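If you want the building blocks of each chain, they are given just below.
Number of protein chains: 2
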Amino acid sequence: MIIIDKISKLREIIAECRLSGKKIGLVPTMGYLHNGHLSLVKKAKEYSDFVCVSIFVNPIQFGENEDFAKYPRDLNRDTELLKETGCDLCFTPSVKEMYPNEILTSVSVDKLTDKLCGAYRPGHFTGVCTIVSKLFNIFTPDIAVFGQKDAQQLAVIKKMVEDLNFPIEIIKAPIIREKDGLAMSSRNIYLNEEERKAAVVLHKSLKEAEKLLLKNEKNPSNIINKVIEVLTTEPLCKIQYVSCVHPYTLEDLNEIKDKALIAIACYIGKTRLIDNLLWGEKI
Amino acid sequence: MIIIDKISKLREIIAECRLSGKKIGLVPTMGYLHNGHLSLVKKAKEYSDFVCVSIFVNPIQFGENEDFAKYPRDLNRDTELLKETGCDLCFTPSVKEMYPNEILTSVSVDKLTDKLCGAYRPGHFTGVCTIVSKLFNIFTPDIAVFGQKDAQQLAVIKKMVEDLNFPIEIIKAPIIREKDGLAMSSRNIYLNEEERKAAVVLHKSLKEAEKLLLKNEKNPSNIINKVIEVLTTEPLCKIQYVSCVHPYTLEDLNEIKDKALIAIACYIGKTRLIDNLLWGEKI
Chain A
1 MIIIDKISKL REIIAECRLS GKKIGLVPTM GYLHNGHLSL VKKAKEYSDF
51 VCVSIFVNPI QFGENEDFAK YPRDLNRDTE LLKETGCDLC FTPSVKEMYP
101 NEILTSVSVD KLTDKLCGAY RPGHFTGVCT IVSKLFNIFT PDIAVFGQKD
151 AQQLAVIKKM VEDLNFPIEI IKAPIIREKD GLAMSSRNIY LNEEERKAAV
201 VLHKSLKEAE KLLLKNEKNP SNIINKVIEV LTTEPLCKIQ YVSCVHPYTL
251 EDLNEIKDKA LIAIACYIGK TRLIDNLLWG EKI
Chain B
1 MIIIDKISKL REIIAECRLS GKKIGLVPTM GYLHNGHLSL VKKAKEYSDF
51 VCVSIFVNPI QFGENEDFAK YPRDLNRDTE LLKETGCDLC FTPSVKEMYP
101 NEILTSVSVD KLTDKLCGAY RPGHFTGVCT IVSKLFNIFT PDIAVFGQKD
151 AQQLAVIKKM VEDLNFPIEI IKAPIIREKD GLAMSSRNIY LNEEERKAAV
201 VLHKSLKEAE KLLLKNEKNP SNIINKVIEV LTTEPLCKIQ YVSCVHPYTL
251 EDLNEIKDKA LIAIACYIGK TRLIDNLLWG EKI
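Line by line, the protein sequences are chains A and B.
Going left to right, the first sequence walks through residues 1 to 283 as the numbering used here numbers them.
Going left to right, the second sequence walks through residues 1 to 283 as the numbering used here numbers them.
Next up, chain A with everything else stripped away, as it sits in the complex (with noise of 0.2 angstroms):
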């Protein structure tokens, strides 16, 4: 596997894969990598012959009083991870490399970003459109893999890629749980042991929407409200929102017809935790 971290040299090794006829995929990432984002190499190898991982903690995505300097960093197991995953090149830039001056431009995509995370986290997707865009246009790859645990991320890159003819194609790939459920995230290493167990409920309250779902409950609101009746039975969870809509709009559903999206966000202690449900659509 290729460790790299400028954008130059890089360049020059996507070309020569290029002349040699492979197929290039991404997976963009912030690193500390878990089984979820393993799952999102392999994914990128059943559609590409060079599986490029990016590792680049973007400081334009979080916002003032959120956890960029305490983000968990661990490049070196890392790096062992992804050779074991089969990874072709893992990019690890510097903050410096990806910023070198005083960004100005940034892409934005409205409506999508208002709901959900996005109006908790003002900016946040701002951050992440841009990041993306500068990883697609110095990747260049034909395709790049994106997880449902941030169903609204991979909703808005698919807008962004296909508003601006990115010539990319985006696959998703689904969510991994622990064993007791929890979605597998990088922030899981804040929760101590009482609220590691806690964390559990989102999970849980998601099953229970699902039971809903296959006695062909249709009015989403039912949906929400047991969603919000499993979380509350934790004392650890504080709720920030749970929200039925639909996959691509992110609007918010009247009623649940072919697919619906069933997002939470939740407290448990001080770390943020999100999970969803994805309804009526393959991945």
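I should point out that these hints are in silico values taken from the structure, not numbers from a laboratory.
Hints may contain errors.
Just so you know, same-sequence chains aren't split out, so a pair can sit in one copy or run between any two.
What the hints assert, rightly or not - Keeping only pairs whose Cα atoms sit at most 25 angstroms apart, straight-line, the calculated BS3-like set for lysine-lysine is:
(1) K96 x K158
(2) K9 x K23
(3) K9 x K83
(4) K111 x K96
(5) K158 x K6
(6) K257 x K42
(7) K9 x K158
Small disclaimer: the values here were computed from a predicted structure and weren't measured.
Got chain A sorted already, so can you dock chain B onto it with the hints?
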């Protein structure tokens, strides 16, 4: 010359060019071509093997009270001129082809767009950056040529390319003028006979500025005052702005050192015209 109006077909042709090792050049235009545009095509031919011109009057870069509907169009004449100039491909998409669905994504450049024309045309440069990003992603050119006539657009696009890591070299081409000095513009057609004569005052004022600069004038106020003095001699001319800025950052200069851009916008009757003088920099 290939004339084409569908993105998917265009991508096929570009992919073939790539396979045969050709360097691709793009000249984005809004059509109604004049010798200024054709000089960009010639410049693109110097730097690439397959020169593409896009002709698209982009609705999202026009303000509500601006001239989108009446902007001059003559596709037959344009394609004839391009054939004669040795253009290889002309892309003439419909609005529906470029914006098949509601566009929610926008590309913006801060600071640089608050000044000069940007101050009077809110949203204009976001519309420009968004369509240029789309065209860059559709053509994936190696080089793209923009005219010095739209000096602010050039500075904004260069900053966007740098910030978003577009793998594209931006080439600038000098202003092309009529015999009497009027900078060529598709909007010159709006001028009646009397206004057409009056419009020469823009270039005349910049020539006077140049004389001062050649005499080693370092004070931007003296330059600006001289330009205003000359423009004011023409009763049909209403000044919008006269600025002396750095050509890259577009920041007002306190003192003229190595580089300067003297940029003006005036109404001649109801027609808004721009012109500029680039000092201390080769094109």
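Which numbered hints fail: The structure conflicts with hint 6 only, although it agrees with all the remaining ones.
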